[in-house]
Amino acid sequence: MDIGGTFTDVVHYDEVTGAVTATKASTTPADLSDGVLAGLGAVVDSPAEISFLVHGTTQGLNAFLERRGVPVLLLASAGVEDSYHIARGTRRRLYDLHYRKPTPLVPRRDVVGVGGRIAADGSELVPLDEDAVRAAAKRVRDEGHGAVAVALLFSYANPAHELRAREVLREELGPDVSVSLSHEAAKEWREYERTSSAVVEAYTGPVVRRYLQRLERRLDDDGLAVPLHVMQSSGGIVTAASAQERPLQTLLSGPVGGAIACAELSARSGRPHLIGVDMGGTSFDVSLVVDGEPDVTAEAELEGLPMLMSIVNIHTVGAGGGSVAWSEAGGLRVGPRSAGARPGPVCYGRGGTEPTVTDANLVLGRIEAEGFAGGQMTLDAASAEQALGALGEQFGLSAQAMAEGVCDVANATMAQAVRTITVARGIDPRTSSLVAFGGAGPMHAVFLADELGIPEVLVPRLPGAFSAWGMLHTKIRRDYTEPHYRLDADVDGEQVRGVLSRLEQQGLADLAAEGVPAADRSVTHAVDVRYEAQEFTLTVPLTGADEPLVEGFTTALAQRFTAAHQARYGHANPGAPIELVTLRTTATGDLGAPPRHPHPRAETDAFASTTRRVVFAGAAHDALVVHRDDLLAGHGFSGPAVVLEGTATTVVPPAHTVTVDDDGTLVIRQQEARA
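For the sequence shown, this note's numbering gives the first residue as 8, with consecutive numbering after it.
Keeping only pairs whose Cα atoms sit at most 16 Å apart, straight-line, the calculated EDC-like set for lysine to aspartate or glutamate is: (1) K482 <-> D597; (2) K482 <-> E300; (3) K145 <-> E179; (4) K145 <-> E178; (5) K194 <-> E306; (6) K108 <-> E200; (7) K194 <-> E489; (8) K482 <-> D517; (9) K108 <-> E310; (10) K145 <-> E174; (11) K482 <-> D527; (12) K194 <-> D128; (13) K108 <-> D89; (14) K145 <-> D117; (15) K108 <-> E308.
The calculated label-pair distances, taken between Cβ atoms and stated as ranges, are: (16) V27 <-> R148: 49 to 59 Å; (17) E131 <-> G48: 52 to 62 Å; (18) H105 <-> G337: 18 to 28 Å.
These are calculated hints, taken from the structure and not from any lab test. Because the structure is a prediction, the values reported are computed rather than measured. Ideal Cβ placement from N, Cα and C applies to all residues, glycine included.
Using the sequences plus the hints, can you model the full thing?
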């Protein structure tokens, strides 16, 4: 199950018949669990029939973006309590005279300096001032803070003061008080980033916990007999109980499902490099698969606020089917404001009055008005045309020309988002295939590929629910870190092995607690490396916990780091001293996945189709209209065409061909120009 801004997607795999089905239910912002249960009810008669359930939630992300988390009191080390507000001196927009640093989630008046000090080596210099912690607890009671974040200096080296602070807070406030400790949210160096991670977790945590508890309770009441699993930002899953302990890890759990689905598609299709574009009703998310694996980073940033955690690298912009088109200073703007699920686009007939990207596609004939969203809605084309006509009058354009303009501006915004995650990082998008999913992704993907020079577009089966499908192919995942500062000349292989072995045992034990059989548990290790005296690191994989004992370990590590640095930045300095910074261990539990079922193969080239008028480049064309269910492996045709299915619509402009591969994926390529 994947909650989007407009629709909640549900994918159901029947273990008996092997059938995979998908459905959409309208997202219910007032209580997201209503939309989830409505979607479940469309695919199963009773939750009691479910043997495995995984959920991607945007509850925490929405609370963060909409600034509706709980008021947080921040406890920081006395004398440096302003570090959270000082933040970093980086100026992201050099020539913007109006630039302002991101607004912190905690105002300065709600930051409390607490006496006590841990040294950089983990030794205690000054005992914790417990009276100051008790005074802070009184403020929580008197002022109604919903959570407390505790971020003390060098707690990653010795968490004793943070742990004791939580004990004191619970002695004063009771066991149910929400307390986020920075060493648990992010056991890594860099004071500001670790503090920010703890604050974001404290700010969104109670909202996430309340939602998950309510959803679990409603599912239990309906007879669910298995644990509810929740997607993490890292691309793995945990039980809902574990997610409530570390709610920060669920922040991007919805969009991440699409990246995992792309990795599965990469393995099936033999294409190692993919760019996934997920266009829903509210946002446009871009992710990468590099050498068959999702692009995972150790740090994320949302609205300028950093968080240290393993997270699939996703770039998001406000460009979706519900993005509103409007005029500003004589120019056309599309998004980031969205009509959302309520009232939605004008054509939904729910009271929306501002034209959106969906309205534009409908006016251009690219959307089927009857049976939209799997037959749940009938769209009002006349109202959409009227709204776009009114906007077009401001530019001297007809409704049709205005609709194409809206789509062109939205496409330009999305193409730039793809460049940001590829070209800006030294990755040539032309070496990858573009995977289009989300309810609106296949409508715009070919236009994006043409602009970016990407050779082919892949539209998987069930594209509108592709992220939810990906969640059925993920694994239990737990991530662990341990700061370990050593120059390569000072590395003690036995010491490194000891730390990695300890993290490995912790990971295996946590997987056992998640119910993963011993035979299905595995661990991998890596280390963050940098050049001596540099600021930022690259994560370099290790072959195992015992590799540090192998002769020449640091030399081999330096070679791997050099190659990674060259690939990432376009240059390297072989032979320069390197420094180990953080040891990382990832524990994964394989829960199985739906087996691959080849798509039925066509015996003839013929398939059912009709035609209708669709506008491309200012001209109406007789476009082929095909239902996805009628397309079998081996079928092919040329554009212009529109492919209809329950969860999405695929638009194929003129001069493009479509073939159906053995998995049922639509492969769209530009026709070669003839001499």
